[in-house]
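2 protein chains.
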Amino acid sequence: MRIGLLIIGNEILQGKISDSNTTLLARYLIAHNRELSSTMVVGDEIKSIHQGLNVLFSSCDVVITSGGLGPTQDDVTKEALASWFKSNISYSQEAFEVASKNYQRFNRPVPSQDHPYCYLPQGFIALENSTGFAPGLFMQSEGKYLLSGPGVPREFKSLLEDHFASLILSQLPKSEELIELYTVRTKRIPEEKIFKVVDPTLWEKLAAFGSVSSLPHIMGVDIGVTLKAQSSREMENKKSQLKKIFLHSPLAGHIWHFGVTSLEELIVRVANEKKITYGFAESCTGGLCSHRITSVSGCSQTFLGSVVSYAESVKSSILGVSEQTLAKFSAVSEQAASEMAQGVAQKLKLDIGISITGLAGPGGGSSLTPVGTVYIGVWARGKSSVYHYHFPGEREQLKQRFSQGALYLLLEELQREN
Amino acid sequence: MRIGLLIIGNEILQGKISDSNTTLLARYLIAHNRELSSTMVVGDEIKSIHQGLNVLFSSCDVVITSGGLGPTQDDVTKEALASWFKSNISYSQEAFEVASKNYQRFNRPVPSQDHPYCYLPQGFIALENSTGFAPGLFMQSEGKYLLSGPGVPREFKSLLEDHFASLILSQLPKSEELIELYTVRTKRIPEEKIFKVVDPTLWEKLAAFGSVSSLPHIMGVDIGVTLKAQSSREMENKKSQLKKIFLHSPLAGHIWHFGVTSLEELIVRVANEKKITYGFAESCTGGLCSHRITSVSGCSQTFLGSVVSYAESVKSSILGVSEQTLAKFSAVSEQAASEMAQGVAQKLKLDIGISITGLAGPGGGSSLTPVGTVYIGVWARGKSSVYHYHFPGEREQLKQRFSQGALYLLLEELQREN
Chain A
396 MRIGLLIIGN EILQGKISDS NTTLLARYLI AHNRELSSTM VVGDEIKSIH QGLNVLFSSC
456 DVVITSGGLG PTQDDVTKEA LASWFKSNIS YSQEAFEVAS KNYQRFNRPV PSQDHPYCYL
516 PQGFIALENS TGFAPGLFMQ SEGKYLLSGP GVPREFKSLL EDHFASLILS QLPKSEELIE
576 LYTVRTKRIP EEKIFKVVDP TLWEKLAAFG SVSSLPHIMG VDIGVTLKAQ SSREMENKKS
636 QLKKIFLHSP LAGHIWHFGV TSLEELIVRV ANEKKITYGF AESCTGGLCS HRITSVSGCS
696 QTFLGSVVSY AESVKSSILG VSEQTLAKFS AVSEQAASEM AQGVAQKLKL DIGISITGLA
756 GPGGGSSLTP VGTVYIGVWA RGKSSVYHYH FPGEREQLKQ RFSQGALYLL LEELQREN
Chain B
396 MRIGLLIIGN EILQGKISDS NTTLLARYLI AHNRELSSTM VVGDEIKSIH QGLNVLFSSC
456 DVVITSGGLG PTQDDVTKEA LASWFKSNIS YSQEAFEVAS KNYQRFNRPV PSQDHPYCYL
516 PQGFIALENS TGFAPGLFMQ SEGKYLLSGP GVPREFKSLL EDHFASLILS QLPKSEELIE
576 LYTVRTKRIP EEKIFKVVDP TLWEKLAAFG SVSSLPHIMG VDIGVTLKAQ SSREMENKKS
636 QLKKIFLHSP LAGHIWHFGV TSLEELIVRV ANEKKITYGF AESCTGGLCS HRITSVSGCS
696 QTFLGSVVSY AESVKSSILG VSEQTLAKFS AVSEQAASEM AQGVAQKLKL DIGISITGLA
756 GPGGGSSLTP VGTVYIGVWA RGKSSVYHYH FPGEREQLKQ RFSQGALYLL LEELQREN
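From first to last, the protein sequence lines stand for chains A and B.
Using the working numbering, you'd call the opening residue of the first sequence number 396 and step up by one each time.
Using the working numbering, you'd call the opening residue of the second sequence number 396 and step up by one each time.
Some hints here could point you the wrong way.
Which copy is meant is left open, so a pair is good if it fits within one copy or across any two.
[What the hints assert, rightly or not] The calculated lysine to aspartate or glutamate pairs, modelled on EDC-like cross-linking and capped at a C-alpha distance of 20 Å, are: (1) 481 to 456; (2) 481 to 575; (3) 473 to 587; (4) 742 to 718; (5) 623 to 575; (6) 496 to 587; (7) 591 to 470; (8) 742 to 707; (9) 744 to 718; (10) 552 to 791; (11) 600 to 470.
These aren't lab readings, by the way, just hints derived from the structure by calculation.
These figures come from a predicted structure and were not determined experimentally.
Next comes chain A alone, as it looks inside the complex:
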């Protein structure tokens, strides 16, 4: 049983936006014990869409398309599907009703009957869209399945969730296997060092359990093993054996999590469990640490707030960094980081205050303090510690690395506290 994705959109091939529907579909399928075989991206021309359908249907039983279902003239997916399936587009009362429901859901007047949404290739059915206006499409013929959704990721996701299981999964032979990605997240160690230096036998040990992957992120590597099992008992058994291998590996000290929880989710969970309040004094990260934490629902229990102290005047007036420190050591210094962390903790009444001051560039570097330099201060239980790093990369990457460094230190401090 092979499943392929055809992404239709000039905007992706012209670099205006990045595709995220592959990720959405892949995660959805794994959660249903299925795998995505391949994705193809083609432009908004009927010929290219036909080529994509030819390629994917030559090896897949199920093809999902995204994009080109909207009301504008560059939306040609329906025309392409009609000609590929040797069908004709015609008015469909059912499609009109589905489109009307989509509009009513947003308290909008129903579309007129000559609206493109009311027209479908014959043999296709229209699907309700719970997050947008354009109906999805479905057709099934000789053991092949086609599901078409809008390109907007929110709408593509809801189309999958609303229709994939009932229209396609329920008709396919039941998956005989459970599939799970076992993920282990490491910090502060490069990929090559893990498998060449720290634990040269690790890869082979893991490969005995399933296909292994190693995914380097900003300042961390995720190691993944794709586990397959016939029963949930067998799955649990494999997972516990794998965990033992990792815990006995020299890599153990670099592991910060077994599972797919993000760093910010883990921080929120630990802080909430321990009822430890925290916040940031952000200079070079400019709000990114706070943004990452506040993307996690429930963070407000213990994340109280932050000061983005970009200008020196804000560092001194709000955080109480002394003018002397700024004049003598500069704002990018151990002393400033220490005073910023203490300042934000005291002003906002936090148990833990984390400060980040550094140079994200591209300008402003010197031989003493090059771009990529960062000081991260951790104020907790009455005292500050300051960590000094130098990272490579450009402005946006450096902001990401700085924030990752700060969040690692915050997690360690949270896990240390009793």
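Take the given structure of chain A and dock chain B to it, following the hints.
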């Protein structure tokens, strides 16, 4: 002349990361008057890579691959290329030297001669990687070109920039056309309304100049026209005609920019030109507005800082929002937004203070103040104005929409000031 991209990586088909190399390559090609024809994503198996090469080389003269060049055992791109091109992998002194240079650039000891980086399919050449360790690959045969780069976007990008022009572009027939994407950015109007209600003849007028696309974003639609011309004079002429069409359209009031500048870049540019200082009091956006602004190099000239006032205690202690306001109207109210904007402007000594207070959910909503409600305060020249919106979406989308709403208002205020 067709160019295709083959992305190799289970991590993408398993949903662990999203592809961004398509976007990088597409933008690089357009800047060189070329277009990306198609992208295909396949897993880390030799058979799948061969299928991808078959599909892309059947219609393309140039195929670029990304991924699978690293040192771990799931990296099989070299093996797949060798067998597809009927070549053998062998030690290459040249590859050893290229790899050594890659290591020396990071002050790391050179790899041993049995390192996988020193082995290549015969007939291929190794390419220096200016941002990582793994060498890229190049081969040319019977008018077909293959360039392989690492999957890490930073490394893929530098491989393109360092080698694509000299190895491939210089050998291709010179592009006879200039290509440019003419982009117009609109705000606060849905895609369907633009072309069905506000200006029903717009699409056809634009289509006379080139292929038209319409790309809905968070709270805005970008309209793009792909212009082709034989000379830069013809190109400029087309652009000025297009601009006139837009300026005479009823859509004109919704246009906030002609070009591809991002909202945050435009804000930084206008604020710096006018020397107007600004900052945010962020509640529900949790630092996102500040993060977006500080992603723009040069923002520190006029962006002074922000307060992320997540907890009520921070709203009152740092921003001076009165306890009465919080008790009587709650933190998500016009009154709180007004006091927050004024508070941040006065405390941080800003010309413009922008506040954002709302409910990003999923919890905390009520019938009076449902999730998606936001109040945005603009304090400037001694007085506050507060704007009230209600947006659809989930937590992360809402944070994006709230921040977009705040940045639109900030830009309008900056453009209004003299």
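To see whether the hints hold, each was checked on the structure:
Proximity of residue 481 to residue 456 under the C-alpha cut-off of 20 Å is restricted to the intra-copy arrangement: shortest distance 18 Å within a copy versus 31 Å between copies. When the C-alpha separation of residue 481 and residue 575 is checked against a cutoff of 20 Å, the pair qualifies neither within a copy, at 39 Å, nor between copies, at 36 Å. For a Cα distance limit of 20 Å, the shortest separation of residue 473 from residue 587 across copies, 18 Å, qualifies, whereas the shortest one inside one copy, 47 Å, does not. In the homo-oligomer, the alpha carbons of residue 742 and residue 718 lie at most 20 Å apart both inside one protomer (18 Å) and across protomers (17 Å), since each shortest distance falls under that limit.
In this assembly of identical chains, the alpha carbons of residue 623 and residue 575 lie at most 20 Å apart only when taken from the same copy (7 Å versus 49 Å across copies). Taking identical chains as interchangeable, the C-alpha atoms of residue 496 and residue 587 lie at most 20 Å apart only when they sit on different chains, with a minimum of 17 Å there against 54 Å within one chain. In this assembly of identical chains, the alpha carbons of residue 591 and residue 470 lie at most 20 Å apart only when taken from different copies (14 Å versus 50 Å within one copy). With identical chains, the CA atoms of residue 742 and residue 707 are at most 20 Å apart both within one copy (17 Å) and between copies (14 Å).
For a Cα distance limit of 20 Å, the shortest separation of residue 744 from residue 718 across copies, 17 Å, qualifies, whereas the shortest one inside one copy, 23 Å, does not. In this homomeric assembly, residue 552 and residue 791 come within 20 Å of each other (Cα to Cα) only across copies, at 15 Å, whereas the closest approach inside a single copy is 28 Å. Taking identical chains as interchangeable, the C-alpha atoms of residue 600 and residue 470 lie at most 20 Å apart only when they sit on different chains, with a minimum of 17 Å there against 50 Å within one chain.
Checked against the numbered hints above, the structure breaks only hint 2 and satisfies the rest.
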